[in-house]
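Novice: Based on the provided sequences and hints, a complete structural model is requested.
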Amino acid sequence: MSARAISDLVVPQGGQSVWLVTLSAAAMGFLAVFALALAVSAAGLARGWSAQLAQTATIRISAPPAEIEQQIAIVLDVLRTTPGITEARLLGEEEQGALLEAWLGPDLPLDVLPLPRLIELTETAEGPDRQGLRLRLSAEAPGAVYDDHTRWRRPLVQAAARMQVLAVVALGLIGLVMSAVITLAASASLASNGQVVAVLRLVGARDRFIARAFVRSISRRAFLGATAGTLAALALFWALPDLGGPLEPVAGFGFRGRSWLLPLLIPPLATVLAWLASLATAYHVLRRVT
Amino acid sequence: MILFQDVTHDYGGGPLFQGVSLKLEAGSFHFLTGPSGAGKSTFLKLCYGELLPSSGSVSIMGTDLRTMSRDQLAAARQRVGIVHQDCRFLDHLGVAQNVALPMTATERPLPESDLEDLLSWVGLADRAAALPPTLSGGERQRAALARAVIVAPNLLLADEPTGNLDWEMSQRLLLLMVELNRMGTAVLIATHDLNLIRFAKAHVNARVLRIAGRKLAVAGSDL
Ligand SMILES: Nc1ncnc2c1ncn2[C@@H]1O[C@H](COP(=O)(O)OP(=O)(O)OP(=O)(O)O)[C@@H](O)[C@H]1O
Ligand SMILES: [Mg+2]
Chain Y
1 MSARAISDLV
11 VPQGGQSVWL
21 VTLSAAAMGF
31 LAVFALALAV
41 SAAGLARGWS
51 AQLAQTATIR
61 ISAPPAEIEQ
71 QIAIVLDVLR
81 TTPGITEARL
91 LGEEEQGALL
101 EAWLGPDLPL
111 DVLPLPRLIE
121 LTETAEGPDR
131 QGLRLRLSAE
141 APGAVYDDHT
151 RWRRPLVQAA
161 ARMQVLAVVA
171 LGLIGLVMSA
181 VITLAASASL
191 ASNGQVVAVL
201 RLVGARDRFI
211 ARAFVRSISR
221 RAFLGATAGT
231 LAALALFWAL
241 PDLGGPLEPV
251 AGFGFRGRSW
261 LLPLLIPPLA
271 TVLAWLASLA
281 TAYHVLRRVT
Chain W
291 MILFQDVTHD
301 YGGGPLFQGV
311 SLKLEAGSFH
321 FLTGPSGAGK
331 STFLKLCYGE
341 LLPSSGSVSI
351 MGTDLRTMSR
361 DQLAAARQRV
371 GIVHQDCRFL
381 DHLGVAQNVA
391 LPMTATERPL
401 PESDLEDLLS
411 WVGLADRAAA
421 LPPTLSGGER
431 QRAALARAVI
441 VAPNLLLADE
451 PTGNLDWEMS
461 QRLLLLMVEL
471 NRMGTAVLIA
481 THDLNLIRFA
491 KAHVNARVLR
501 IAGRKLAVAG
511 SDL
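First to last, the sequence lines map onto chains Y and W. The opening position of the first sequence corresponds to residue 1 in this note's numbering, with each subsequent residue numbered one higher. The opening position of the second sequence corresponds to residue 291 in this note's numbering, with each subsequent residue numbered one higher.
Everything labelled a hint here was simulated from the structure, so no lab data went into it. As the structure is a prediction and not an experimental result, all values here were calculated from the model. Be a bit skeptical, because a hint or two may be false.
[Unchecked claim] Facing chain Y, from chain W, some residues (calculated, C-beta under 7 Å):
#1 Met358
#2 Arg360
#3 Asp361
#4 Arg367
#5 Gln368
#6 Leu380
#7 His382
#8 Gly384
#9 Pro392
[What the hints assert, rightly or not] Straight-line Cα separation of at most 20 Å, SDA-like style, residue types lysine to any residue; simulated pairs:
#10 W:Lys335 <-> Y:Ala198
#11 W:Lys335 <-> Y:Arg288
#12 W:Lys335 <-> W:Ser347
#13 W:Lys335 <-> Y:Thr290
#14 W:Lys335 <-> Y:Gly194
#15 W:Lys313 <-> W:Ala496
#16 W:Lys335 <-> Y:Leu286
#17 W:Lys505 <-> W:Ser347
#18 W:Lys335 <-> W:Arg369
Think of the CB as a built atom: it goes at the ideal place given N, C-alpha and C, for glycine as much as any other residue.
Specialist: In structure tokens:
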């Protein structure tokens, strides 16, 4: 018989503390997947929002119907001569209607509403001289308003960063609670096996041997529990409908691409945590046995 | 092997014995007698470090118990066979696995045939797979003695090893201990059984120690 098999043998398998470890590891694995998803999605959102919004801007032109075409022409002319702008495109009326439809529904009488017209800009990485552009526009086309989205971007990016912090704190708390539960379970398991420990010391077993026996059985339970919890949570994420489309930024909660591999780190990490917590506990408890 | 120097032990209600100095030589054979409650089991527990003396010092194989690390104590116990008065086992393992425990739990190899021979010597060959809670008192004592001698210890400490056994089995187990002693094991047996002591004296040069009235003394040869 191998040394491992022997050290497994000397601790009775079963008992409440074993279930405590398995169950809590499963619950923590499950929760950790969600916290991780939050962290990953928040990072993705922050990146996506700042990238998508960084190099685009819009000019909104509101003017009486008689003047609007003229102002549009002036604005396009100004834009053509502004360095830092690679493309300026006037949105057609149907295109604008489609944008609004997503939010307001299909039954809008668009043709009777005096809607402002939109010009979509694509900027170079440095962008135009925004202050100068605003001044020129207000002088030549008073109905045009330049909007570079910073107003929207900054709070969104900030919110995403906060979400990430939140997710990391949640992951930390999950680890902490799991260590605490495992510590309790390990002491309970050692205490309920007082006679086993005493007999092993009596026949000359070293603390290392006795601790290993307990630590192995607890770590194994933690691994099984965390794996089950993680897989269950991943299955849920897998089954989430892919909303896509205009709801993408809100619906993009979850994993994609290579980030699907991240949750696979949870079971080994939980096992290491369980191993450390139960080892420390075992040595602590053993000190009281001669 | 074991050295007591001016040892006093006190559980808290006054000293059980005082000023005990004693040397157990390698290869010696001792009995320990005395009235119930005199402190025989306590004395044995001091010998293998389950208890520390209230004052004075106990050395085991040359090292003071107080200065021993936990691993050193474990290493010392690997060379000591102990029969506890209440014969504690791992209740979820069978008799054979319990008897083999001093070897397996210290990761020493144990030939299967040695285990079988020993089990048949103590009459437990057909109970090898039985769980300890299903054993009779006498079977427990035989299993405990088998577990103590399986490591061929340098020192055997046995607390009432024959308390629940019939006379024939008592003799058989005593001869096992005498045999070990011939091969060099120092033996210390706590017992009430004067017949056993007389029987032993016919086979081995045994000294009798007696605890009474807080003193440990070598008893007269009139037993
Ligand atoms: N852990 C303990 N705490 C307090 N008192 C104890 C403890 N263990 C034993 N005693 C007391 O110490 C005294 C000696 O006990 P011990 O077991 O050494 O006696 P003994 O000589 O082995 O008796 P017996 O022949 O009945 O086995 C007894 O009065 C007992 O009640
Ligand atoms: Mg006793």
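Novice: Take the hints in turn and mark each one as holding or not.
Specialist: Verification of the supplied hints:
Annotation: W:Met358 was flagged as interfacial toward chain Y, and the flag is violated, the nearest CB pair being 11 Å apart, outside 7 Å. Among the interface hints, the one on W:Arg360 holds; its C-beta lies about 6 Å from the nearest C-beta in chain Y, closer than the 7 Å criterion. Annotation: interface hint on W:Asp361 holds; nearest CB of chain Y at approximately 5 Å, less than 7 Å. Interface hint status for W:Arg367: upheld, as the beta-carbon distance to the closest one in chain Y is roughly 4 Å, under 7 Å.
A distance limit of 7 Å between C-beta atoms decides the matter here; for W:Gln368 the minimum to chain Y is near 4 Å, and the interface restraint holds. A cut of 7 Å between beta carbons decides the hint on W:Leu380: the least distance to chain Y is about 6 Å, and the hint holds. The closest approach between the C-beta of W:His382 and any C-beta of chain Y is roughly 4 Å, which is under the 7 Å cut-off, so the hint is satisfied. Interface restraint check: W:Gly384 against chain Y, minimum CB-CB distance 11 Å, threshold 7 Å, status violated.
Hint on W:Pro392 holds. Least Cβ distance to chain Y is approximately 4 Å, under the 7 Å limit. As the CA atoms of W:Lys335 and Y:Ala198 are separated by approximately 13 Å, the hinted pair is consistent with the 20 Å bound. In summary, the hint linking W:Lys335 to Y:Arg288 is supported, as the alpha carbons are separated by about 16 Å, within the 20 Å threshold. Restraint check for W:Lys335 and W:Ser347: satisfied, since their Cα atoms lie roughly 14 Å apart, inside the 20 Å limit.
With a C-alpha separation of about 11 Å, the suggested pair W:Lys335 and Y:Thr290 falls inside the 20 Å cut-off, and the hint holds. The hinted pair formed by W:Lys335 and Y:Gly194 meets the criterion: a straight-line CA distance of about 18 Å does not exceed 20 Å. Between the alpha carbons of W:Lys313 and W:Ala496 the distance comes to roughly 14 Å, so the proposed pair stays at or under 20 Å and holds. About 18 Å separates the Cα atoms of W:Lys335 and Y:Leu286, which keeps this hinted pair within 20 Å; it holds.
A distance of roughly 16 Å separates the Cα atoms of W:Lys505 and W:Ser347; the hinted pair therefore holds under the 20 Å criterion. Under the criterion of a C-alpha separation no larger than 20 Å, the hint pairing W:Lys335 with W:Arg369 is consistent with the structure, at around 15 Å.
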